[in-house]
Each structure stands twice: as structure tokens, then as C-alpha cells.
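Student: Each chain is listed here by its residues.
There are 2 protein chains.
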Amino acid sequence: MMPTLTLVKIGGHVLDNPAMCQAFLHDFAGIAGHKILLHGGGKAASSLAARLHIPVNMHEGRRITDEATLDIAVMVYAGLINKQLVAGLQALQCNALGLSGADANAVRAVKRPPGAVDFGFVGDILPGGVNIALLQNLLNSGITPVIAPITHNGHGQLLNTNADTMAAAVAEAMTTAYHTQLIYCFEKKGVLSDIADENQLIPEISTADYQDLKNRHVVSGGMIPKLDNAFSSIQKGVQTVYIGAAGNIKDITAGIRGSATKIIA
Amino acid sequence: MMPTLTLVKIGGHVLDNPAMCQAFLHDFAGIAGHKILLHGGGKAASSLAARLHIPVNMHEGRRITDEATLDIAVMVYAGLINKQLVAGLQALQCNALGLSGADANAVRAVKRPPGAVDFGFVGDILPGGVNIALLQNLLNSGITPVIAPITHNGHGQLLNTNADTMAAAVAEAMTTAYHTQLIYCFEKKGVLSDIADENQLIPEISTADYQDLKNRHVVSGGMIPKLDNAFSSIQKGVQTVYIGAAGNIKDITAGIRGSATKIIA
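Chains as they are written, first to last, in our numbering: chain Z, 5 to 269; chain P, 5 to 269.
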């Protein structure tokens, strides 16, 4: 039987709130077995860019990463946030080790070819780009990798990669060696049938349900790419995918129904 | 027979010069056997602090690390510089992995107790604070650690640590398992008998010579703490210590006399 691997992705809403982040790290450190933490950015990168008067260039809601913006992403994601999370987990006796995609060639990508828009130093993870053997060796040594959303192209160029995509790619790659569960934490309890009411959690969504929810416009906006990612991971062999709140991570990993939205094939 | 481990410390003069840095990485990648790269800061941290209008507080030539300054050190040293060096080495087929002291508890320190002056978030490396087993495991997996001068206290606090001190502490700790050679790279060819003349290299300095050079004021200023560090490492079991130029690293590691100043007991 393959061992279980739990991958948790946290984003800005947790990282920007020190008390919430500390509570989350405590619960994360308590997860039994092999685990990997993947993190995004939060306000720190935007606020640093603003303080440095570096303009934020967006195209249809997506950020364009010029050289100055890439440096900020590397400093904030692979530097400050990654090391603060690692130090926080070490204090909780969780043997965390921070990684960017460049470290030991953990995640290799290619610079997205410019189409109608040049998104700049954005990395699309290569097929086979996740270094499974490295992560497996670290996990077997009792280490918990903490992965920042920075990749490299193998020719010396660091690249900015979407943190949700990074989480999905790592989880999918690890299915060759582990029974993997991937938990996307965000600011809600999960997918809600009424976005204004936290009590209206949808505990489980299948592919068929998802189509129906989209048709009835129950899910829309930013939820769509998140759910697309989640269903794609399920199709690529990730055994369980949850979308839920960082504060419920204990119940989610205990498999308690209604603690998050479970994505099923 | 113990295997050989080469530790190289590079500082700002190399990091601030992209062509020099690239040439150095090429030579470093070519060093046979186990190796560790330790790096300092360079102008990037000071220039970021200036752009963010964070005042530099100094006491008798030593920087006081307040919280904002610590964040900058973590971002620049453990983030930008560390990941650029790692990506650069990966491009040269050197399997580099970046570490701060927090990562896998690589180097543990204590916040320096405030005396007459409170230096702030400065970490003094603990006796036994270097995680020898971790570094040994990484080296045995064919990985080259690239270590940033950031430590942690084991209770969640990151700390700023002098890069020369970090290099000395790691080299000394590794003597239990390796025949270690430590090379401090700086802006000169080595210790010069005439500071204005690069040709007046002193190829070898013993403890007795050192006393004499100090008495005759041949060495002074910033050279004294560097040499004190070097002699201390020799006394603590590091087999060979060199002080030289990054551009001569090939000759230094080949043991060519006159390529740097060799420190001998």
C-alpha cells in the first residue's frame, strides 16, 4: 500500500493574518504522516512593490511579471514568507525545509512564450518538471518541504508561477509514489450554495454536479479556475481534493464531512 | 580516510558584479568532491533599505538589526541572492540547494543578549548549532548546499548572522566528518605585504607570523577580524584556510602556492 501524502496550499488571507497563520501552522504541524506545505504570496509582495514605486501591470486580471516584479516575488515568496513559515514550523517541532523550484531542481518550468500578451517572467511547469525523487528523499528523512511559488528554467532564470498551479503540479506528480490528498485553503469554508451564507457549504461536488452548479451560476468568478484546477488534479490521479478554510484543517484531514468541500470524480 | 569538503565564502564584491559572479559560479561548479557555498550580502540589502527609507543604524561600524532591517536581510540574503546563486549553479549542472539556518534546522543561534548596545535581531550561533547530519545527508545525495547568513532561534525567530562567522562555524562543525578546507574570497588576492600592490602577496601566514605582521602594522583594519576568524578555524580543526580572490578559486583549490594566502597553524 502506498503511504499517504497530505499537501496543503495556503494563500494570502492566512499569510496576512499573523494569528490565523500561527493557528494554522500549529494544526499543520500536527498532521500525521508525510506532508508538504505550498504557499502563495499575500499582500506583502504588492505592498513592497508599492513602497518601491514599482507599477503593477495587469492584463485581464493577471499580473505581468517584469524583472523588478520578479525580484520582489523572489524576495517575498522564496525569502521572507518561506523562511518565516519554516521558522514557525521548526518552533512547533515540524522539521520544515523551504524550497523554491530552483533548489535541488525541485520544480522546473519554461518561460511562458509571449502570445498576444507577454506575461514576462512567468513559468509554466514542464511535464515531468517536479523532482519526485528529491521530495521523496526529503519526506523519507522526516523533512516537511515548504514550497514557494518560484520556479526556474534550468538555464539560470528564476520564474514566477501561480501558487495554485504549483500545488496541483506537485500533488499530481507525487501520485506515482503516494496516496495523495490536496487541500486548497482559502477565505471561505468551501464552495457555498449561497456565497453570502457560510452555513450553506456544499460538502461534495462531482464532475456532474460542477457542470450543473456552473449552469445555474451558483459558482462563478474566481471560484471557476480554482474548481477547474481541483477537478484537473482529481483526473490526474490525486486521490482526494478539498477546498476549505485553513482554520478547519484538523477536521478536513480527519475526513469529517462538512468541514470543507470535497471534490470527487 | 575522511572525504574532503571544500567550503567557499563569497561576499559583496563578487555578488555585486554579475560578470565576476558568473565566472566564479563556473569555477565553483567545477570543484571536485563535496562542497558548500556560503554567501554574504552585497549592496542589494543596503540599496533596498535606502529605497524603502529604512535608516541604517550603526554602532562602532556594526549594523543594528531592527525588525525592518531583519526583513530586508531575509528577503535579500535568503531570498534574492540565495535563489539567484542556486539557479545559476543549477544551470551549470551543480545540484545546488539553498538554505537559511531555519531550513531543516540547519544552523541554530541565540539572539545576542543586549549589552551596552542592543544589536537587535542578530544571531550568535550556538555550540552544536550546525546540523552536521543534515549537511552530510545532502552532500551524500550529491547536493551542494548554498547557505545564506540567516539563522533562527528554534522558537520561530529568524536572526541575522555575519557571513564570515557562519562560514567559520559550518567549516568547524564539519571537521568531525570531513577533511575541510575553507576559502574566504574577498576583493584582494590575499593578505598583501603592501596593501597598494597586488603583487606583494604573502603566500602563507602562521600564528607567529601573524603576531609579527600585526606588530609591524602590515595588517590592520578590516583584515584583523578576517584573520582572527581564519586562525580560530585552524585552531578548531579546519585543515586548510585560505584568504584570496574569487577569480583565483581554481588555482586555490588546486593548491597552487601564491594563488592566495594560506593560513597555517
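Quick caveat, the hints were computed from the structure, so don't treat them as lab data. Just so you know, these numbers come straight off a predicted model, no measurement behind them. Hints may be right or wrong, so weigh each one.
The list cannot tell twin chains apart, which means a pair is met if one copy fits it or any two copies do.
What the hints assert, rightly or not - Pairs of lysine to any residue, SDA-like flavour, derived with a Cα cap of 25 Å:
no. : residue 1 : residue 2
1   : 240       : 20
2   : 115       : 30
3   : 115       : 95
4   : 115       : 62
5   : 218       : 158
6   : 115       : 31
7   : 115       : 22
8   : 47        : 72
9   : 218       : 136
10  : 47        : 58
11  : 115       : 96
Student: Would you list, in rising numerical order, the hints stated earlier that this structure does not obey?
Tutor: 1, 5, 6 and 9
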